[in-house]
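Student: Sequence:
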Amino acid sequence: MTSWQDPEAVRFMLDDCDTWAVVGLSGDPSRTAYHIAQLLQDRGKRIVPVHPSAETVLGEQGYASLADVPFPIDVVDVFRRSEAAGEFADQAVAVGAKAVWFQLGVVDEAAFERTTSAGVPMVMDTCPAIEWRRH
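Positions 172 to 306 (the numbering used here) are the ones given, in order, by the sequence shown.
Worth flagging that the hints you see were computed from the coordinates, not collected in a lab.
All C-beta atoms in this analysis are idealised placements derived from N, C-alpha and C, irrespective of residue type, glycine included.
Label-pair distances were calculated between CB atoms; the ranges are:
1) Ile-301 with Gly-215: 11 to 21 Å
2) Glu-231 with Ser-201: 10 to 20 Å
3) Gln-232 with Ala-281: 28 to 38 Å
4) Ala-289 with Asp-187: 12 to 22 Å
5) Ser-224 with Ser-174: 29 to 39 Å
6) Ser-253 with Asp-177: 17 to 27 Å
Just need the whole structure built from these sequences, with the hints factored in.
Tutor: Now the structure itself:
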């Protein structure tokens, strides 16, 4: 357990947040993002695919960027490599998301500092599937 896996931040996202923008989600069912998005749906969450190709995934309209999403986002769930993930945390803050989640293996300490300093809870290097089992 690290400081960037605060149990209260995890609980807030899993229990109190309904709309999850999944950055990097495509229609490829062999990708982890696809399986986690499906899990989120199974848990009653609305998923919003965010991918440059903006395809419809799991029955939900995709958007090319977070700024293109025309409704409020609760959690921005990032499936990008660590070196590319920070910009999505910044975009999440810019669009007024309530929280940011970096997936297992994704760590950007500077982005964590910027995001939490802006008052937006953030977790890194974990997965909703793992956290729901602990919850």
